[in-house]
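J.: Go by the hints and put chain E onto chain R.
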Amino acid sequence: MSTDTRGREAVIDLRDVSFGYGPTLAVEHLSLRIDAGEFAAVLGPNGSGKSTLVKLALGLLRPDAGIVRLFGQDPVGFTAWDRLGYVPQVVTGAWREFPATVGEMVAHGAYRGPSPLAVFRRSDRPEVRRALDAVGMVHVSGLRLAELSVGQQQRVLLARALVRRPELILLDEPAAGVDASGEEQLYAILRDLNRSQGMTVVLVSHDIGAMLREATTIACIDRTLVKHGPPHELTNKELSSLYGIPVDILIHDALHEHR
Amino acid sequence: MPAVFQYEFMVRALIGGMLVGTLGPTLGMFIVLRRFSLMADTLSHVALMGVAVGLATHTYPTASALVAATVAAVVIEQLRTRGKLPGDVALAVVLYGSLAVAVVVISTSEGLNLDLFGFLFGSVLGTSTTDLWLLGGLAVAVVLFVGVFFVELAQAAYDDDLARVNGIPIGRINLGLAILTGATITLSMRVVGVLLVGAMLIVPVLVGLRLAKGLRAAIVAAVAAGVASAFGGLVIAFYADVAAGGTIVLVAMALLVAAQSWAWLRQRSRRASRAQRL
Numbered sequence: 003m004s005t006d007t008r009g010r011e012a013v014i015d016l017r018d019v020s021f022g023y024g025p026t027l028a029v030e031h032l033s034l035r036i037d038a039g040e041f042a043a044v045l046g047p048n049g050s051g052k053s054t055l056v057k058l059a060l061g062l063l064r065p066d067a068g069i070v071r072l073f074g075q076d077p078v079g080f081t082a083w084d085r086l087g088y089v090p091q092v093v094t095g096a097w098r099e100f101p102a103t104v105g106e107m108v109a110h111g112a113y114r115g116p117s118p119l120a121v122f123r124r125s126d127r128p129e130v131r132r133a134l135d136a137v138g139m140v141h142v143s144g145l146r147l148a149e150l151s152v153g154q155q156q157r158v159l160l161a162r163a164l165v166r167r168p169e170l171i172l173l174d175e176p177a178a179g180v181d182a183s184g185e186e187q188l189y190a191i192l193r194d195l196n197r198s199q200g201m202t203v204v205l206v207s208h209d210i211g212a213m214l215r216e217a218t219t220i221a222c223i224d225r226t227l228v229k230h231g232p233p234h235e236l237t238n239k240e241l242s243s244l245y246g247i248p249v250d251i252l253i254h255d256a257l258h259e260h261r
Numbered sequence: 420m421p422a423v424f425q426y427e428f429m430v431r432a433l434i435g436g437m438l439v440g441t442l443g444p445t446l447g448m449f450i451v452l453r454r455f456s457l458m459a460d461t462l463s464h465v466a467l468m469g470v471a472v473g474l475a476t477h478t479y480p481t482a483s484a485l486v487a488a489t490v491a492a493v494v495i496e497q498l499r500t501r502g503k504l505p506g507d508v509a510l511a512v513v514l515y516g517s518l519a520v521a522v523v524v525i526s527t528s529e530g531l532n533l534d535l536f537g538f539l540f541g542s543v544l545g546t547s548t549t550d551l552w553l554l555g556g557l558a559v560a561v562v563l564f565v566g567v568f569f570v571e572l573a574q575a576a577y578d579d580d581l582a583r584v585n586g587i588p589i590g591r592i593n594l595g596l597a598i599l600t601g602a603t604i605t606l607s608m609r610v611v612g613v614l615l616v617g618a619m620l621i622v623p624v625l626v627g628l629r630l631a632k633g634l635r636a637a638i639v640a641a642v643a644a645g646v647a648s649a650f651g652g653l654v655i656a657f658y659a660d661v662a663a664g665g666t667i668v669l670v671a672m673a674l675l676v677a678a679q680s681w682a683w684l685r686q687r688s689r690r691a692s693r694a695q696r697l
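Chains as they are written, first to last, in this note's numbering: chain R, 3 to 261; chain E, 420 to 697.
Isolated chain R (complex conformation):
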């Protein structure tokens, strides 16, 4: 297992990774290490390879070159999936017909291998209720996913990821399509999971202000790693260069109170 000088385990470790969907590389010579206990934000403009990075880390894509390690293991052949939870982007309008209730969706996340009684297992189990409670969604457990707003759907997917009590949670633009209050609720939940429960959070986002506020470490990506470090080391000039537009960081003190 790969550990740093302070003895912390690398939960995600990408070494000189390149990957292309076609002739153009989406990720090029990218190296990034995320340690246990971090709240890591991955920032970058559209097409910078943020979502590709998450899929490479999870073994959903195989790198053309380089090495990927998830909890010190090659994601291909990885079996300890209960150590992590994944929250993909909620696509508006997708799954409109999907009949599963919120309770069923979260219960499916508690998967622990095939079972002859799987079809008869109830959804209102303590672990499902606990996960829904953690994201404030117990009251909608009987509703269909399609009956919820995007922000609520996102929280259900978060509950689904939390139901096995993972050590690491990866979220791909969880605030996309979510209103300001939904966003704040989501970040408050993630903050609590990271600060109080020690869960490693890796969050792909466009929300520069929120990430500078919430994250303990920031990785700026533009096909390769541009900058990696604590938020206070990130300058306006570096962010402006990353996004190709002038970026001015303003963080209200009140929002800093929790840190």
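It should be emphasised that the hints constitute simulated quantities derived from the structure, not laboratory data. Even for Gly, the Cβ is constructed at its ideal location relative to N, Cα and C. Heads up, some of the hints might be wrong.
What the hints assert, rightly or not - Estimated spans, in silico, between C-beta atoms of each pair: (1) R:123 with E:421: 37 to 43 Å; (2) R:81 with E:508: 31 to 37 Å; (3) E:477 with R:118: 42 to 48 Å; (4) E:686 with R:81: 53 to 59 Å; (5) E:454 with R:26: 44 to 50 Å; (6) E:505 with R:135: 36 to 42 Å; (7) E:430 with R:122: 49 to 55 Å.
T.: Then chain E, alone, in the frame of chain R:
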């Protein structure tokens, strides 16, 4: 006793029809939710190719159709998962390729037309005792598969990536679903006919999705709609002396219209009561 139950061939057809009405929607639910509905139509055309080859070579057409549908199901799944072709394109290639083979084989063989008619449109006379045993065996296999791998199938239907990260062996699950779908379509075609067998995997599922909340409830509602369509359609076909397959699917369509209307009325009344509260 009504006349329809006094004929052995009709009793066989009704039992076969109700087995088809159970098998089709049980697997069809996961195919529809994966937005892979064309799979049913593609495999039925592959089965037609198998039937044509079986009839032309004077062997057991159901066996050659079963082999063809199973091989096609595996090929489609491999093309799709290995990213060689997008899912819908893989289906289109296999559909047209097998249909072309079927047309060529039929055109070179004489005297196939009458035999083929029963396979194409379904027939109340077509269900043999052997077909019933095969359908019964397949029903046991499908119920066991869906019962044991319910969570895996549900997750794979919702999102491939999410299922993989949850540790689901998604390739094997999808392959099992594809092979059982191929077998279901092949063994169902004697009752419903090659041209319409795919509808039994899709239309009752749409009825179930409009009536039930929750995945398990939706499967139960879809199976109920499938069994009712098969039973009602066969009885109507017997008395009206029309093709069984078409009648079964028309009954399923009528149920879909009724379910859609009910869902629409329910939605309207909910909106009205919400407006009253505000």
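J.: Each hint should be assessed against the structure and marked as holding or not.
T.: Against the structure, the hints come out as follows:
Between residue 123 (chain R) and residue 421 (chain E) the beta carbon distance is about 42 Å. The supplied range of 37 to 43 Å therefore holds. Distance hint for residue 81 (chain R) and residue 508 (chain E): a CB-CB separation of about 33 Å, consistent with the stated range 31 to 37 Å. Checked against the given bound of 42 to 48 Å, the beta carbons of residue 477 (chain E) and residue 118 (chain R), roughly 43 Å apart, stay inside it. Our hint of 53 to 59 Å for residue 686 (chain E) and residue 81 (chain R) is violated, since their Cβ atoms are close to 45 Å apart.
Taking 44 to 50 Å as the suggested C-beta distance range, the pair residue 454 (chain E) and residue 26 (chain R) does not conform, at roughly 28 Å. In this structure the hint that residue 505 (chain E) and residue 135 (chain R) lie 36 to 42 Å apart at CB holds, the actual value being about 41 Å. The hinted window of 49 to 55 Å between residue 430 (chain E) and residue 122 (chain R) is violated, with their beta carbons roughly 32 Å apart.
Hints 4, 5, 7 from the earlier list are contradicted by this structure; the remaining hints agree with it.
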